[in-house]
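Engineer: In order, the protein sequence lines correspond to chains D, W, E and A.
No gaps in the numbering here: position 204 of the first sequence is 204 in the working numbering, and each next residue is one more.
No gaps in the numbering here: position 246 of the second sequence is 246 in the working numbering, and each next residue is one more.
No gaps in the numbering here: position 285 of the third sequence is 285 in the working numbering, and each next residue is one more.
No gaps in the numbering here: position 293 of the fourth sequence is 293 in the working numbering, and each next residue is one more.
Worth flagging that the hints you see were computed from the coordinates, not collected in a lab.
Values in this document were obtained by computation on a predicted structure and should not be read as measured data.
Here a beta-carbon is modelled for each residue, glycine too, at the ideal position from N, C-alpha and C.
Check before you lean on any hint, since a few could be wrong.
Claimed, not checked - Covered by chain D, according to a simulated footprint, are these stretches of chain A (three or more residues, beta-carbon under 8 angstroms):
| hint | segment |
| --- | --- |
| 1 | 75-83 |
| 2 | 86-93 |
| 3 | 297-306 |
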Amino acid sequence: MSIFDKFRKQKPRIDSSEGDAVPAKAPGSDLWVKCSGCGTAVYKKNFQENLKVCEKCGHHHKMTAQERVQQMCDEGSFFEWDSDVISMDPLEFGPEYLNKLQQDRAKTRLSDAVLTGKAKIEGLEVALGVMDFHFRGGSMGSAVGEKITAMMERALELGLPTVMITSSGGARMQEGMLSLMQMARTSAAVRRLNKAGLPYMCILTDPTTAGVAASFASLGDIILAEPGAIVGFSGARVIEQTIRQKLPPGFQTAEFYEKHGFVDKVVKRVELKRTAYELLSLLTRPLEVISES
Amino acid sequence: MSIFDKFRKQKPRIDSSEGDAVPAKAPGSDLWVKCSGCGTAVYKKNFQENLKVCEKCGHHHKMTAQERVQQMCDEGSFFEWDSDVISMDPLEFGPEYLNKLQQDRAKTRLSDAVLTGKAKIEGLEVALGVMDFHFRGGSMGSAVGEKITAMMERALELGLPTVMITSSGGARMQEGMLSLMQMARTSAAVRRLNKAGLPYMCILTDPTTAGVAASFASLGDIILAEPGAIVGFSGARVIEQTIRQKLPPGFQTAEFYEKHGFVDKVVKRVELKRTAYELLSLLTRPLEVISES
Amino acid sequence: MSLEFEKPLLELEGKIDELKKVAESGVDLTGVVRQLERKAEELKHSIYSNLSAWDRVQIARHEQRPKTLDYIRELFTGFHELHGDRHYADDAAVVAGLARFEGRAVLVVGHQKGKDTKENLLRNFGMPAPEGFRKAQRLFIMAQRFGLPIITFVDTSGAYPGIEAEERGQYEAIASSIALMTELTVPILTVVIGEGGSGGALGIAVGDRVLMLEHSVYSVISPEGCATILWRDASKAEQAAATLGLTSETLTKLGLVDEVIHEPLGGAHRDLSLTYKAVQMALSKHLEQLVKLAPDDLVQQRYDKYRAMGRVQREVKV
Amino acid sequence: MSLEFEKPLLELEGKIDELKKVAESGVDLTGVVRQLERKAEELKHSIYSNLSAWDRVQIARHEQRPKTLDYIRELFTGFHELHGDRHYADDAAVVAGLARFEGRAVLVVGHQKGKDTKENLLRNFGMPAPEGFRKAQRLFIMAQRFGLPIITFVDTSGAYPGIEAEERGQYEAIASSIALMTELTVPILTVVIGEGGSGGALGIAVGDRVLMLEHSVYSVISPEGCATILWRDASKAEQAAATLGLTSETLTKLGLVDEVIHEPLGGAHRDLSLTYKAVQMALSKHLEQLVKLAPDDLVQQRYDKYRAMGRVQREVKV
Ligand SMILES: [Zn+2]
Ligand SMILES: [Zn+2]
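So here's chain D without its partners, still in its complex pose:
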């Protein structure tokens, strides 16, 4: 039974997305996907059992929020919060924007670009937020800010450590300055966790940039990142236009930021759950002798 079969049992809202991998175009292509890292065609079942990491080149493809929950949480332990919080159209961009939101809600079965709730990681209870790039590129509007802030406030009430798995292109333009203000709103909530001595862990996945990188995603007591994840403030295209030259290879990757001092540890997806658990245990269960696995 693959990891996603399990998830199907646990929660019905499964997304069949291949992340950034694309279905191979050969006959029988529904059984195969093509790695966006090396171009290799991978048998879909293997691809999914391997957590969407290419066995050949190690490329970490994007996951849906539900897949992430499946990967990180103990089976059946996830309890969703604020599943009905949705954005409005404060700037009156019009039906086009509202339709897109509606479409993405249907596609991802999320109310907006983040899924929040309570869960257990190796038995340790946490507040968990997972962003989903498939919903408007993970962009942060009022709903995303509201759900994340509310999650942290609940973590504060319940005395839980918080884990935030990020994936976002930044602010949501269509919500204008309200979108920008989510940076302040979420950051304020993080500082309340800090003050209460509750651990806050960020896990950066591809991509985590702009307004999300520049707020709650870089305020973790501990910041992990998946291999190859693009992180940064300005987009590569904008920088290239500014400096009028190509960017060096590896620029703005998780590994680049580990070297430059902004990421505590680059962790392979397969080791993420265990690593997150062990680190959180060190901060929440200081006297416990835990077993090595």
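Position chains W, E and A with the ligands relative to chain D; hints supplied.
Structural biologist: Quick look at chains W, E and A with the ligands alone, frame taken from chain D:
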């Protein structure tokens, strides 16, 4: 009446040192000194009236601690603390070291390389420490550490802001590890001032390096520096030996460190008293309307 | 620098000046001049009371519009600029220092654009590097230690998008600056005086009160950037400006700006002393209110204020 | 790598090995071998119980002497290295991370020298850049937030003396690290495991308890540097070492070191498991004492401890 005549009245322990300027060798040389910045011979009286700053090139020559008190404090306001605290010979370097201390005490009329006390700057009462490079190169042994720490503890008791004027080549080798520990001792005292919300201002003069730079001299709420003062951790010679090339011009000057973010403001000697007063007033008399001069 | 929409007015004003010169040589043109002057006044009103969002962007970016250092010079006394982040550099795109505002010691921090090319190069067009935000943070903490209110002036097209800025953690610098401002125990007053560009603006703009000059703009993305993304055409910036809700009126309606400071007709640069006076009065009023609050209340109110910034609804599932 | 003063012993040990090989081919050398072994044992005692300060320096710098990561591997479980100062870089000359010591969560920080040229290049011979001290500071603050004790391992010839390190404020990084350690509200245990070089060592070595391996050295300046200054001759380092008071005995007498951890005969590298055991026991004992203290008492005691470090007298003026 020159500034130093005034000081003579106020306190008898005047040092006639020319700082790093040297007496010119021409006949009547006792009336002239040679600027160590540009080599110009300057009439000694003018040189001293100009606070030992060369009128031609602006080079700031070293001052004695007493001259510094004269320059920075309101007349007759300085009250010395711990004038009798002297170092011992804990490593048994022997009579040579003890003799040198004795000679420098006689020469500078200081108990060791720092003069501490209470004073007024434009009417504002402060705890003041002034290092003197003429005493064993301003090196920090137990006596320097003791006097500075005690000064800060008194400032804490009295609720005074503290001004520390530094000039030092670093730790005093002859006192071995006791000397190194003065870094921790003085830094601990600074943090108590911080906690109490008492302003602590550092004024870096030429040179401020090694163990002194790497402790209380760089912990100021505000850090001023005199033009051209050499600041840094490692000495230029050591660095040149390490990297096997000449250092760039201007390296490790006050201006260099202002540019690199470690000095709040480079201030000419003639403006130092007023600047120190204004900044300290902003931190200690938040609601007072002060006159501009 | 003349703005596109001002051209008819400037032409008319030029014509009046010419006629006046002619009149000096003895010809009586009093009637004509008076008539044209009346016309100019009407034109002025009609132009400036119908400014589009894009017109505002032009005014907000005007080189002659007063900048942070102008406000510091005019409204503060005894300013001492303090340099450096104590880690890497001093960033000239952000100026900061201690000064007195109406006798009260405060910390002032602001983006500083240049008034000419030379100053713009020195100050990188007011676009902060990470060190600019870190200098601000260092001084915010100092202000807090000594109980000094903080006044910030916002005027940047955004944080600098360069390789080195990214290497040194532009995103982290902005995030930690924002987070710090949410928890400071001293009053924070922010004035958007020109261009408020996205995260680079917000990095010093989390305030107990956020004021905005009438013709300033504050935007989640530049109109040009928005147009590029929405329509792949930067020249549609005018259209983008109209949709982004970046004017002081819209932002006030959305509850993101606490007070709009009215500008002289035609914009701040057309009457500097009026502008300074208006900003001073606004700062004075709000500061007086804020210093009365206990630190805990201040922080709680600031939290509540930002906590409320969002427009969401509960989806009704059918 | 063989040390100068060990050469007679190593030669003798070599001879014994040779004889044993010959014996394997059937010749009976039991008596001779036994006699030489006794002699070797005596020689060992006479050499290692009369080590000069300079000999200690050689042992302290020995490539095979256990390093920070060795102690982490042997004495801790579940170590996760954490990288970066969140400002500029990750400095490999300082390793840091969370782990458990006897089941208790702690923060471990230490200088890391290389065991070979390749690792030495990677880790810059264990000489920290400013980023090394800043990484430590960041994690010290995190440890304090979560109440975790801090254990640091000291092993550096000093902070790196290079242009870039100076540019990025080596002195400020050390100062703020020292200052921070004086006020942390969690227990700090420091072990000098090899070379304690001046400010670069002290930057992570302000502890409630400072322990020192018997043959480690801890000095205000390197013997070579001291000799250069005193006699303008680096080759007089041996003489300088003798005067600097850098041995664990002298430092204990001066009250700067709280406990000396005894090493196996000939130095830590000659019996690793004995060394690890000794360090573990010492850490365990002191940690148990420290965790019982209330944070305020801990900070006060640490202050008092450093406050007392100085030898001064009041001058009697005649
Ligand atoms: Zn692949
Ligand atoms: Zn000169």
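Engineer: Hints first: check each against the structure and report whether it holds.
Structural biologist: How the hints compare with the structure:
Residues of the segment 75-83 of chain A lying with their CB closer than 8 angstroms to a CB of chain D number 6, which satisfies the three-residue condition for coverage. Closer than 8 angstroms: that is the beta-carbon criterion, and the segment 86-93 of chain A has 5 residues meeting it against chain D, so the requirement of 3 holds. Closer than 8 angstroms: that is the beta-carbon criterion, and the segment 297-306 of chain A has 0 residues meeting it against chain D, so the requirement of 3 is violated.
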